[in-house]
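Trainee: Sequence:
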Amino acid sequence: KTTTKEMLAHVLFDRKVLVTPAHVNTEMGIADLMLRKLREEHDMFIVEMGASARGEIALLCSLVSPSIGVITYIGDQHLALFGSVEHLCRAKGELFAALPPAGHAFLNADSGHTDVLSALAACPVHTVGTGGHASYEAYDIQEDAAGIAFTVRSVPFHVPIQGTHQVTNVLLAAAVAETLGVPLRESAKRLMGFKGLPGTFERREGKKGQVILDDTHN
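In this note's numbering, the protein residues as written are 277 to 494.
By construction, these hints were calculated from the structure, which means they are not laboratory data.
Just so we're clear, the structure is a prediction, and the values are computed from it rather than from any experiment.
Don't take each hint at face value.
[Stated by the list, open to error] Taking lysine to aspartate or glutamate and the EDC-like style, the derived pairs with C-alpha atoms no more than 16 Å apart in a straight line are: (1) 292 / 308; (2) 465 / 290; (3) 292 / 317; (4) 471 / 490; (5) 277 / 419; (6) 465 / 454; (7) 292 / 319; (8) 471 / 454.
[Unchecked claim] Computed Cβ-Cβ distance ranges for the label pairs, DEER-style: (9) 307 / 395: 23 to 31 Å; (10) 491 / 465: 26 to 34 Å; (11) 329 / 291: 29 to 37 Å; (12) 310 / 331: 17 to 25 Å; (13) 395 / 482: 47 to 55 Å; (14) 339 / 415: 37 to 45 Å; (15) 331 / 376: 33 to 41 Å; (16) 462 / 399: 21 to 29 Å; (17) 456 / 417: 20 to 28 Å; (18) 482 / 400: 23 to 31 Å; (19) 491 / 456: 41 to 49 Å; (20) 307 / 485: 22 to 30 Å.
All C-beta atoms in this analysis are idealised placements derived from N, C-alpha and C, irrespective of residue type, glycine included.
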């Protein structure tokens, strides 16, 4: 979630955007940020939402009234909290259920559960993926020490971050940006200068030439 949020903010650098900072994704932190920094002159408010139980994302949506929702991944990393993938889907799906009919929902189709989550949205649902049949499909995926590269809708992307699992994060950010009026080719150009947050699959070199992949944020 954090990387996708930061990439979207990077692409939208020329607009007045307020973004939740690192580690701020709960109702207290988001409400405090809104009271202190959210102003009428902001074009957009990009919010990362976290949850440890069902109902928490619905509460956050009642605070921020989102018009665009992004679900980056449905995995098994939070099963100890939610008890089952079904409960996890319902918890994350609260975001889609809160979107207005004129809004837009974005979903990583590679993680599955697309039909279940899409059914919760009253607005158009856009999917991204690397396995076929997505609205935004990446192909010719490559990775080297300089970052990841792929093509989507005939537009080549090269982003200086590590990990092919990041491809769907890039796709989500670019897809949302296109909905907001930024062409894919412009997003690709801007993301060439993206730098991930420290500790988010960050590539570093040790003093003796070792390659270190630092993912301690996660």
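Trainee: Next, verify each hint and record whether it holds.
Mentor: Right, here's what the structure says about each hint:
At most 16 Å may separate the alpha-carbon atoms for a hinted pair to count; residue 292 and residue 308 exceed this at roughly 19 Å. A hinted pair counts as satisfied when its Cα atoms are at most 16 Å apart, and residue 465 with residue 290 qualifies at roughly 14 Å. This hinted pair checks out: residue 292 and residue 317 have alpha carbons roughly 7 Å apart, not beyond 16 Å. A distance of roughly 14 Å separates the Cα atoms of residue 471 and residue 490; the hinted pair therefore holds under the 16 Å criterion.
About 21 Å separates the Cα atoms of residue 277 and residue 419, which puts this hinted pair outside 16 Å; it is violated. Taking the CA atoms of residue 465 and residue 454, the gap is about 13 Å. The hint holds against a cut of 16 Å. Distance check on the hinted pair: residue 292 and residue 319 sit about 5 Å apart at the alpha-carbon level, within 16 Å; holds. Proposed proximity of residue 471 and residue 454 is contradicted: the alpha carbons are some 21 Å apart, above 16 Å.
For the hinted restraint 23 to 31 Å between residue 307 and residue 395, the CB-CB distance of approximately 30 Å keeps it satisfied. The hint said 26 to 34 Å for the Cβ distance between residue 491 and residue 465, and at roughly 27 Å that hint holds. Separation of residue 329 from residue 291 is about 34 Å and conforms to the stated range, judged on CB atoms against 29 to 37 Å. Checking the proposed 17 to 25 Å range against residue 310 and residue 331 shows it holds: the Cβ atoms sit about 20 Å from each other.
For the hinted restraint 47 to 55 Å between residue 395 and residue 482, the CB-CB distance of approximately 48 Å keeps it satisfied. At about 39 Å, the CB distance of residue 339 to residue 415 agrees with the hint of 37 to 45 Å. Here the CB-CB span from residue 331 to residue 376 is close to 20 Å, at odds with the stated 33 to 41 Å. Range check, residue 462 to residue 399: about 24 Å between beta-carbon atoms, so the 21 to 29 Å window is met.
Between residue 456 and residue 417 the beta carbon distance is about 25 Å. The supplied range of 20 to 28 Å therefore holds. Judged by the Cβ atoms, the range 23 to 31 Å given for residue 482 and residue 400 is violated: they are separated by roughly 47 Å. The beta-carbon spacing between residue 491 and residue 456, approximately 29 Å, falls outside the hinted interval of 41 to 49 Å. In this structure the supplied range 22 to 30 Å is violated for residue 307 paired with residue 485, their Cβ-Cβ distance being about 47 Å.
The structure does not agree with the numbered hints 1, 5, 8, 15, 18, 19 and 20 stated previously, though it agrees with the rest.
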